[in-house]
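Visitor: Kindly generate the complete structure, drawing on both the sequences and the hints.
Residue numbers (our numbering), protein chains in the order written: chain S, 1 to 343; chain U, 1 to 342; chain B, 1 to 508; chain V, 1 to 337.
Some hints here could point you the wrong way.
With a straight-line cut-off of 25 Å between C-alpha atoms, the simulated DSS-like cross-links for lysine-lysine are [unchecked claim]:
| no. | chain 1 | residue 1 | chain 2 | residue 2 |
| --- | --- | --- | --- | --- |
| 1 | B | K310 | S | K318 |
| 2 | B | K140 | S | K186 |
| 3 | U | K274 | S | K316 |
| 4 | B | K310 | S | K321 |
| 5 | U | K274 | B | K370 |
Chain S is faced by these chain U residues, among others (derived, beta-carbon under 7 Å) [to be verified]:
| no. | residue |
| --- | --- |
| 6 | L130 |
| 7 | F134 |
| 8 | G138 |
| 9 | L139 |
| 10 | V264 |
| 11 | Q302 |
| 12 | V308 |
| 13 | I313 |
Source of the hints: derived by calculation from the structure; they are not laboratory data.
Predicted model, so just to flag it, every value in this text is computed and none were measured.
Even glycine gets a Cβ: it sits at the ideal position worked out from N, Cα and C.
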Amino acid sequence: MKIIAEKMAKTRELFTVAFMLLLFLITGLINPSFLAGDNLLLCFNGSVIYILLAIGVSFVITTGDIDVSVGATMGFTAAVCATLIRDGSSLMTAVVSAVAIGAVIGLINGLGVTKLRIPAIIMTLGINGVVRGSIYVYTQGKWVENLPAVFKSYGQISLFGFVNLFLLGTVLIVVGTYLYLHRARKGKYFAAIGDNIGGATLIGIPVDRVRITAFVLSGVFAAIAGVVFASKVGFVTPTAGNGYEMKAIAACVLGGVSLTGGVGSVIGAMFGAVIMSSISRILVFLQFSSNWDDTITGILLIIIVVADALIQTHLKEKARKERLAARDLKAQSHFEEKEVLAG
Amino acid sequence: MSTLKSLDWKKGILRWEAALILILVLEIIIFGSINPRFLKVPVLLGSINDYISICIIALFATIVMITGGIDISGGAIVGLTSMVLGLLWQDAGLNIWAAMGLCLVTGILCGALNGFLVSYVGVQAMVVTLGGLFLYSGLAVVLSTLSVSSAYEGISGFPEAFIRIAGGKVFGIVPNPFVIFIILTVIAYILLHKSRFGRYVFLVGVNPNAAGFSGINYKLVAMFTYIFSGLAASVAGVVLTSYLGSCRADLGSGLTMPIVTAVVLGGTAITGGKGSIAGTALAAIVIGLLRFGLQMSGMSTQYLDIPVGLLLIVAVAARGAGVYMHRIQYSSKKEKSCQTET
Amino acid sequence: MGLSNDDRTQTPAISINGISKSFATNVVLRKINLDVYQGEVVALIGGNGAGKSTLMKILMGIYQPDGGEIHISGKKVNLCSPSAALSNGIYLVPQEPMLFPNMTVEENIVLGFQEKRAELRLRLEALIENLGWDLKLDRKAESLSIAEQQLVEILRGLLRNSKILILDEPTSALTFHEIESLFRIITDLHSNGISIFYITHRLTEVFDIATRVVVLRDGQITMEGSVGQFNQEMLIQGLLPTNYERAAIRKEEAVSDKKRKSKKPMLEIKDFGGYGFSNVNLEVYPGEILGLAGVVGAGRTELAVTIFGKDLVKQGAVILDGEEITGRKSKQIIEKGLIYVPEDRHLNGIYSMRDVEENVTSGVLGHLNKYFIDRKKSRELTDRYIKDFRIKVTGRDQITGSLSGGNQQKVVLAKALATNPKVVILDEPTRGIDAGARGDVYRIIHELKQQGVAVLLISSDIEEVIELSDRVAAMYQGRINHTFEENEITVDNLMSASFGVYQKEETA
Amino acid sequence: GGTDEVSDEGTAEPSDISVAFIPKLTGNSFFESANLGAQDIAEEVGFECAYTGNPEASVANQVQVINSAVQQGFSALAISSVTPDGLNNALKAAKEAGLKIVCWDSDVQNDMRSLHVAQGTPEQLGEMLVEMAAMQMTDEQKQSAKYCWHYSSATVTDQNSWQVAGEKYIKETYPGWVNVAPDNYYSGQDAEKAVSVGESILKTYPDIDAIICNDSTALPGQAQAAENLGLSGKDVIITGFCTPNGMRDFCKNGTVPVFGLWDCKVQGAMGAYLAYWLAAGNEFKVGDTIDIPTIGEVEVLPNTVLDPKAYTADDSGVVLLPERTIFTKDNIDDYNF
Ligand SMILES: Nc1ncnc2c1ncn2[C@@H]1O[C@H](COP(=O)(O)OP(=O)(O)OP(=O)(O)O)[C@@H](O)[C@H]1O
Ligand SMILES: Nc1ncnc2c1ncn2[C@@H]1O[C@H](COP(=O)(O)OP(=O)(O)OP(=O)(O)O)[C@@H](O)[C@H]1O
Ligand SMILES: [Mg+2]
Ligand SMILES: [Mg+2]
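Guide: See below:
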């Protein structure tokens, strides 16, 4: 048990998973129908948009920057994709356009942050405003509605009878990125830059290029989220994605991605996103008023980060003390030896 | 061996504030020529009503940011304190001034919770206040459902004296919020630039470890900055409630980003250690007037984010490129492009 | 070890031609010309701020020169970024460690390599084995002490297989043992034809490993030649400012045992224990300098920091001037009259972005005024210290981060001493500062002594300990091994006590 | 501001008069459609009509929009208010500056405006919502249906007033019905959240009979949720208010065979025109009829038609929209807004 606890504290993702299971379990105790297999799947299916946003943002956060423009990017790309589909473009064209737009927005963010040296929060805040305004310009303030049924049905496609296509795709992406970031030689560059950008420069990591890549990926993932949004929700309002950036960041934090950079994984971000997006569902099952949504989100967020902070500080202190005590022990045995010799 | 000209960055800040004033003047000239009504003194002064809460909160959020933290929960505290005020007054039957006092206490408590978690528990400020953002705005909604008047009706009918806090005018022209803003700016200025506490704020922002070794209770200092910020947000809550004559849970929604924008545009470093009250105060007005002026010139509100976003990027890029050129060079961390020479 | 003149006919491994660099108005390098041949170990010495690190950072592609050219093996290169430098076989071990705190030691070392991981690990293990350093590869870098960080940085450099290796003050935090093994490796490398730049402030090291000496002053090379042409005295002369008169540090007669006993100790540490040390008994008398010697990791910093109220006390007591201060908060301890000057200047000492005045007064603001800042008093105080300590500044409003290392150290000392302490604990007070500044710091320490302040001096530089201390306690693995009276203080004694092998005469 | 800023009354040409047409929020299909109506009539009559609002529906934002409209020198406001009383100060200032104030869709305190163009009384709309659900039920269901409400939030005025009226109507007419969630479900005008809340409702109450979505984001979201779970209109009754364009597919494929709305284009047109009409110097008394080009004659009713306790005065009244429409697959293609 203790070993599990320690392992959990060390592998931050496990902590998030445990927290999620606990949350699900408590909900299930109160309302068993929550734990029905297809409902849990629904919970995960419904998290796909947040997961995609969180993965994208986690790249940027890992390099020590931040991206608060993903909500707007998602809204914009969703609107573009939906408009194209509605007007009869092929799926391919729509997806490629959306992803290209996401990439361009990311590129602009990345260039602003690295070449113009604008702090990331400022750059992406500014771009957030510009993109959000552009949605109104692009849609002329109107909803994009009446998307063809085929397009909307992609969200319902199940493989092997129960695995949702989008969910499967997303999980594959998460696993792929995880392996890249933690196993590939260059994948580590992201975390290295977030950890110590000066050190990363010194050992020849192409810092600017990697940071720009992170922003581009963030934009691309937001764009994919936009496409999924258009398909799953079936209509796009000009306010789509409002406030999602904060939720995506919160999901990362819940999943143990440190905002100071260098720490965390996309797996953690994924489960953080599942928690974030399940809260409103859980409240329905608990027959709690939706008025409590934000309160509960806030409390969960604070509890989990406080618990995490306390555990981490405790572990660090413990490790330090053990190391120092070990030195002392050595000293003791040494002294004893000497005494034995002397005696 | 000559070293860096020490005065340079102070001059930089000064120059930056001058630049902000320049932008302000430009705004007045441009918008004035588009719509001459913009130049009327009551119109110009009165416009502050629409962004007073950003001004008030940004002043004190600056102090938080100088310690190297950030407070994004200010907007949520505005809504929460507005609800607390209304509930205490209407449902608990408290005297309006007593209710107002308790509402300020609420702001202090929210700030204290933020500060405690950041300073003493060691959670990153962005994360804590993000949690606070959800928590406080959520609580405001929950509180609004507790009132006898249904949430959607809001609470209104406040006494005239309370309405006058934001509704009144000094000498018949200067709206009270403007006066409140000036007073708070002076207070924040003295607090940050003249007091011992303010000096500690800078030192903690530059190097908390060193502050600890200098015998400064850096955790307490940092915690207090959040308390001030929470208090400022509750003042904004009172002013806004008085101005609208109605308590609403969503009063502060959408303030988060403008507040951060004002602080950063004012020249405060996101990494802490430097910044100024005058800069923030000017930047808040620059942004407020920009939005107001564009609206006056006929631009639809939904497009306003575009020019404001661009201004932010351009201004910060220009500042980075110009005034801070040598400082950027100083930070050895940056890569240089390969095009220089062959 | 110097190369014969025949070798000079070959093309230099690296040739620096007319490199200049200035930051804003500050001219740091003036047309530097330097050729370094294969297998040379070039000791680059010079005062703080002479431009050594700047020159090396240009070679590493971190800074771009304002003018001049660099040739490697006769070919002109454009070192526009560290990766360009790396691909030209250059590697810099920086002065300030730049590790990735959240990665393990191993990841820190191997990141950025193109080789297979397994191979790298084998090579790394072999290297550490060869050096005999005690470093766990799976430790997180953030838990490393400054000395251990420096070890990791050096390992990174050594593993790189570079043709030109630059070591910027690699030994400033290291002690005898590590330095010795490092020198062994450097000797190996240089016999394998690798060119090495070696920057140091410790002149003895120059004679230990360098084949050539280059003295840099105010951005110009003022002396250059094979190491055999110089002796230590000449180097010191070459380093000191032209009009510098060496502060005559005449060692006062040590407070004799009897004289001491007649006084009350100012600081008394009784059976003191905490994390990393235990059973420490020490007494420091007014007007006495007690040296604390030991190797890296002996626990001296922990002892000092625990006395200062920053870590948990496990046992024992600290008595300051008759009053017990065990386990109090740092703030109260400072008020009682004890101050600690931390070893890591950048991490714990200075507020680099603020001006000198703010730094100097940071510990005493409460005494200047209760709520508001009394600018007049604070200016006077700052000016006094700038004058007394000969801090080289353009004014009291100069940004501290822009001062040279030695002057930063003086600011740290001024900041500490402004609190009017009765006891000062100095932890590595001269790390990384040049001979001139070092003399100034020694002078300051002596003045403290004359004023009757009790000084506890922690230093890894044995010569420094010997030169300054009235008595020396040696710490080994968290215990005080032995305390030496003035007449017993010798390099041998201190060294053996630091390594835990000192045998008291009576037991011998 | 002083009164000297008022345009010369009575003699005004239509083109001198400008109306600020203010929605609760921009970017919502309902308000965008209303604006189309307003723009059409403005062009027809020849006055200037500016559509100005904030993408986020909040009191502070709307006050800002009003203030700026006043400062820009508009002659009248046609406004759909986000709050019954939070705009009072701003409207008072507008009135003092000489602007005429007309509300549409969502009202303010009655003494703050001259006219309100109502889509109907809360009772009418509440009853309509409930009846749209009831008409799809079997007789058995009508006795003991389980139902709930799903709309934007507890803080919006009109949707809550319809819900309250609807609840009252259910108590009287269908006493056997059970509201499974008396606290209601809210999705805050977030389409994605509407879908996920919608799915959870259907999962939590698999045997629910009807979900009433009196919000134009909640209705398509809830419909999409039902489709996601493979449910159709036969399994669960989903109905509510939305524009026909937003629901066309759901209506045709049987997920939401019946839903309703009033003609918001007409409502927008009436709001904008009446604002213009007042600014042009015209006056009215309760009981008068006003002729609106392309729409016809409307009668000014006393405020008490909406709320028996309401304030009454000669210069403050309500104009009701002639009709509300129930859309089914048979008639939906006749509408395009
Ligand atoms: N990035 C920079 N921006 C501005 N000035 C700089 C920068 N880096 C160094 N300097 C200045 O250049 C001069 C030389 O610094 P450098 O670090 O090269 O000295 P050094 O010889 O390495 O000294 P030390 O022995 O203290 O390490 C100093 O005056 C320093 O203040
Ligand atoms: N910045 C730091 N963060 C965490 N732990 C540290 C840090 N600095 C030092 N330590 C811990 O303190 C221990 C002691 O550091 P160090 O090697 O300087 O020992 P010391 O006892 O101070 O040695 P010395 O006798 O040389 O002063 C290290 O082993 C390290 O674990
Ligand atoms: Mg150097
Ligand atoms: Mg030490």
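Visitor: Would you mind marking each hint as holding or not holding in the structure?
Guide: Against the structure, the hints:
Note on B:K310 and S:K318: the hinted pairing holds, with a Cα-Cα distance of about 16 Å set against a maximum of 25 Å. Of the pairs offered as hints, the one joining B:K140 and S:K186 holds, with about 20 Å between alpha carbons and a cut-off of 25 Å not exceeded. For the given pair, U:K274 sits about 31 Å from S:K316 by alpha-carbon distance, which is inconsistent with the 25 Å threshold. For the given pair, B:K310 sits about 14 Å from S:K321 by alpha-carbon distance, which is consistent with the 25 Å threshold.
Restraint check: the Cα-Cα separation between U:K274 and B:K370 comes to about 23 Å, which is no more than 25 Å; the hinted pair holds. Taken as an interface hint, U:L130 checks out: its beta carbon lies about 6 Å from the nearest beta carbon of chain S, inside 7 Å. The interface hint given for U:F134 is met, as the beta carbon of that residue sits about 3 Å from the closest beta carbon of chain S, less than 7 Å. Hint status for U:G138: holds, given a least beta-carbon distance of 3 Å to chain S, under 7 Å.
Against a cut-off of 7 Å between C-beta atoms, the interface hint on U:L139 holds, since the closest Cβ of chain S lies about 5 Å away. Here the hint on U:V264 is kept, as its CB sits about 5 Å from the closest CB of chain S, short of 7 Å. Interface restraint check: U:Q302 against chain S, minimum CB-CB distance 4 Å, threshold 7 Å, status holds. Hint status for U:V308: holds, given a least beta-carbon distance of 5 Å to chain S, under 7 Å.
Residue-level restraint check for U:I313 holds (minimum Cβ-Cβ distance to chain S is 4 Å; threshold 7 Å).
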